[in-house]
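Protein chains: 4
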Amino acid sequence: MKTAQISVPWLVRMKPGALQRLGLYLARPRLGPVALFHSEGLSQSILDVALQSLQDHSIALALRHEVNEASVEEAVRLLGAVPPSCKALVGVGGGKALDVAKYTASLAGLPYFAVPTSLSNDGFCSPQASLTLEGKRRSLPTGLPEAVIVDLGVCERAPRMLWHSGIGDLSSKFTAVADWTLAFHRRGVAINDLAALISDATVFQFMANPVSDERGIRLLATALMLNGVAMEIAGSSRPASGSEHLISHALDMNGARPRLHGLQTGTAAYLVSSLQRGDHHERIGELFARTGFWESVRKEPFCKEEWRLAVERAPSVKEDFYTILSETDAWPEFARTIAHDSALVGCFE
Amino acid sequence: MKTAQISVPWLVRMKPGALQRLGLYLARPRLGPVALFHSEGLSQSILDVALQSLQDHSIALALRHEVNEASVEEAVRLLGAVPPSCKALVGVGGGKALDVAKYTASLAGLPYFAVPTSLSNDGFCSPQASLTLEGKRRSLPTGLPEAVIVDLGVCERAPRMLWHSGIGDLSSKFTAVADWTLAFHRRGVAINDLAALISDATVFQFMANPVSDERGIRLLATALMLNGVAMEIAGSSRPASGSEHLISHALDMNGARPRLHGLQTGTAAYLVSSLQRGDHHERIGELFARTGFWESVRKEPFCKEEWRLAVERAPSVKEDFYTILSETDAWPEFARTIAHDSALVGCFE
Amino acid sequence: MKTAQISVPWLVRMKPGALQRLGLYLARPRLGPVALFHSEGLSQSILDVALQSLQDHSIALALRHEVNEASVEEAVRLLGAVPPSCKALVGVGGGKALDVAKYTASLAGLPYFAVPTSLSNDGFCSPQASLTLEGKRRSLPTGLPEAVIVDLGVCERAPRMLWHSGIGDLSSKFTAVADWTLAFHRRGVAINDLAALISDATVFQFMANPVSDERGIRLLATALMLNGVAMEIAGSSRPASGSEHLISHALDMNGARPRLHGLQTGTAAYLVSSLQRGDHHERIGELFARTGFWESVRKEPFCKEEWRLAVERAPSVKEDFYTILSETDAWPEFARTIAHDSALVGCFE
Amino acid sequence: MKTAQISVPWLVRMKPGALQRLGLYLARPRLGPVALFHSEGLSQSILDVALQSLQDHSIALALRHEVNEASVEEAVRLLGAVPPSCKALVGVGGGKALDVAKYTASLAGLPYFAVPTSLSNDGFCSPQASLTLEGKRRSLPTGLPEAVIVDLGVCERAPRMLWHSGIGDLSSKFTAVADWTLAFHRRGVAINDLAALISDATVFQFMANPVSDERGIRLLATALMLNGVAMEIAGSSRPASGSEHLISHALDMNGARPRLHGLQTGTAAYLVSSLQRGDHHERIGELFARTGFWESVRKEPFCKEEWRLAVERAPSVKEDFYTILSETDAWPEFARTIAHDSALVGCFE
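Chains as they are written, first to last, in our numbering: chain S, 1242 to 1590; chain L, 1242 to 1590; chain R, 1242 to 1590; chain H, 1242 to 1590.
Hints in this document: simulated from the structure, not taken from any laboratory. One or more hints might be untrue.
As the list makes no split between identical chains, a pair holds if one copy fits it or if it spans any two.
Derived DSS-like pairs (lysine-lysine); straight-line CA-CA distance at most 27 Å [what the hints assert, rightly or not]: (1) K1559 - K1256; (2) K1540 - K1559; (3) K1377 - K1328; (4) K1559 - K1328.
Using the sequences provided together with the hints, build the complete structure.
Below you can see the structure in the form of structure tokens.
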């Protein structure tokens, strides 16, 4: 028995203007030339700052690619396109692009620099990539990024709905840890208290200042990043993903109208927490109220029937993954909450 | 450039009654016989629970030792006394005993189980031991414990002053990180943002519920423990120790009347934070007010003259360690605060 | 600066009858169900021993696949076919099947058990997989196997030509290390003396008993395996692959009649070593003479014209990879050796 | 189940004139100032080369110490004497000095550079230090050195008896691995085949050129160094130390006339191997004959009576350590060998 070895990012920079220093962060450890993958529709001005910074520090751009498909097959094609001279892979933008960049870097054995331009979920610093394989969604191991660069100014200016999505993903840590504890008691699933405690800590940290100013953005970024570290310590996604993620996956699989990941998991966490012991339901409710989370949901309400189907399918989405949904017929309770909870008015139709 | 490898505890258990399960935690990985070091004056009833648990799980006790000297020389003597058959070393109690146990385990190459019975400082899960060497206080590298067992019930029943000391030690993370940032800007000292962010997060986490009930105790234990992880990530004590610790060390070196470590560092953090930018001074003040921290200080007020001497000596206590005290003549400002801040009434004499 | 962290196999078993214990090796750490990939045309009796052993130890077989294409695209297809319930991936057979199994395990994040049934090259325990990507051959990072099981009896009974191939691959470590040293002097390529020394050691070890009895097979297996460890320490293929591998790659790329990898690299190493300083040429010659290496070559002689083209192409096969071929027009010298060296009579046509 | 993580030296340099580059090796990673510990009676000219090299590369010497006591107590005193400004600790010389330097570096958490000036045993690159504690000899964990610098010229010019001692220590790997295998079969002691195979490999490697020229010295240094790596992989001294070391320890404990460690373990390995299965006895005999090992023994013959007592005591020297001596009354057989083996004529009296 020894201490457990984990790998954490070598470089973490969170500050306004960090994007302008991207080239510097790559130049110091001599990581050029690089390949840069970015999101479809990423604002040209953000991209220009990144490219200018590479140029300013003489980091050659061996490949630039706009990601429009988040599949293993696409990552493999990109692996073939990355020139052997590349010393690092940089991902700029949001969920899909970062997942593809992270996975391609892992396939190629290259250091990966994550540069999220919004904080809509915890994927920018998690040890897994969420990609489709033969059309089916999969979580694939990648290790944590070597570097995480968060430009607080850029993230502050991102659409408010993405911020709400990040908050939704963060709040689902409460329900994930509760499901993990339940799986430990019911099925003997090994629990890692250190990971669970870090996961929990991150939500409290953000709650200390749940606003979208620079400080709040830094807290949210930190919280989401520490979730990734918790997953690495646990060696599984358990500290960050429980029944609320199953429901979100089921929604995606059922072909429900696509909504932001964190709006789905956040809403599911709010519902699921009402089934779990403790005060998480109240805490999540308070967090969502203070941050205006429900406003983003209301802009395009969920379909109740789609949720009913998803909640029924959720327990079978992931093999051998015990959660509160494994032992409770949840929908009747959820339906009641949806019908009577004043916070949810206008969130479902 | 790769991700950084760190070692974290293999087992972390925080719950009421954890002490009764000590033997089980050792028996599962077959870590017997063991040596057990405990604090001088540790309550017999606590010790009995630990010993009974070992017996219940057939973990032989090869050596039992009451620690009354926290020196390297003593750790070496104990190294000689630990029988070669020992498979692990267990430390039960508070600061000194745990430091000696951790260091002896490191010398012997044995897994170390930390079992704090109060939360008066962050030493129970830090990668260093604070011991004297030839009479001088030193911080010596040990790595993190293999296991951390916190019985929340036992810690909840510990004297309130020890709880206040833990809160004081925790609050000093704010000033430590501010000093680290300053040292980066002034002297180019490498900063690890991940460690700094974790360190910061831990204080916010506790602030969400700064009371001494079971949940509050769990949050404090987690926060102090994550500080240790932050030190391990940083590869230095910078995320947990800055100018406020220099002042506390100087008090100790000057032979001031001995007070609890965390009462010293907490008070110093309150004073130092008034010199640093940001809102840490206000936050620490609020935390101390809510938790009644100053009451424990007032029970045996500090001597103003001793503090004056310590503040003057502090910048030279640690070689090559830049802090706010390296560039500011702090005492006049501190003297003003002591004289006029109503929170400090009765804390100095 | 710290010591470098490397990962080595957790389990290594080399003995006659090891294959019959495969199920036991998986059952102890509870690694079932498993997926098993094997070589095309693997002897049914060998396969039966493996399958029977799984059954004897109640290790369920979730997927069994005969590998007939060594491409990244195929590995990705197999990733889709491996059921989520799988706890480990087992590769049984020779080069291609083991490369595909190792890569698929890496993609899936599953522990990988390498079970070579012959020792024709060092791929069974290297941190890379050699696969095609869009038809082009690539070396892709995988990490070392978690377990290496070598049934000495099975390997002893493998065709003699495969044994010769393993010897050829092993002997190319001499030329690889010499090229590495040259690249250090000419281009400042970082050299890792520990890796180079291990690589060198492995050849000497085998030379102490270069016969195909049980002991010789064990020495060859050990030597090839330590090459993998040397690559892991170096963080590159440099300790195992130099100009002789470039020539072999060029032969493959030029569409020369396919021959066993180690017959190509061994012959190339013999030729290249005549250009390098030191006594490697003589040592390799002696090794090949004692083991009858050239007999296997003579069974299907190489085509001189194909080799001429390959040697000319070799320096440009791998970008930014300095070897003796980068500074020497090697073919005239090779042509002379082929024409006049009595050992090579009948090896080229 | 994961691959096992081990730590290997970051820098290994073996070449003539390496000592003159010591300063350079320290300057590159900016490891100054340093503390330098050296052997008592180390040749002034060797020391001058080291000191000059430090000066040439502007590496300040914060402490220089001549080691004359190999005890934990002394290492602790030296820990107190090493200034906090030190960035690395350098050990120059032979056994004792290197053990004290390695242990002090470990206590201080400083990178350790091992610079052996002879190859009389495998301690220069092992993860343990052999020191006395309260007068009793102990093996204490240290981790491997961060850097190993072997000046082949300096080692070549070391007294021949030291070379013989290194060969003796190396040959004891045969008997150590045989004892380990026996302990596995008799007591279920976990065996690590990778470590055992590396250990075995190192002896064969040296046997390929068992002479004291530059190449032979390099092979011996490599072989001894890889033994250290094997111990690190095994997590114990088993791959390098068996019953032959118990006999040597017993000789030391009995207060026998002190002889070089490797002359004792080598002679013991020769005797012990006659009890073990396999051809190790013959191989060791051949190695000793070719290298003139016995000549160094004959210069000051062992005392037969001291050996008799040591062999009887050996099984109880180390608690819970099964070897061939645990099941065999070895002395009668040894006495016969000593009396009748012509190789041993003049070696005992």
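Hints, one by one, checked against the model:
| no. | hint | verdict |
| --- | --- | --- |
| 1 | K1559 - K1256 | neither (38 Å within a copy, 30 Å between copies) |
| 2 | K1540 - K1559 | neither (30 Å within a copy, 54 Å between copies) |
| 3 | K1377 - K1328 | between (31 Å within a copy, 20 Å between copies) |
| 4 | K1559 - K1328 | between (36 Å within a copy, 15 Å between copies) |
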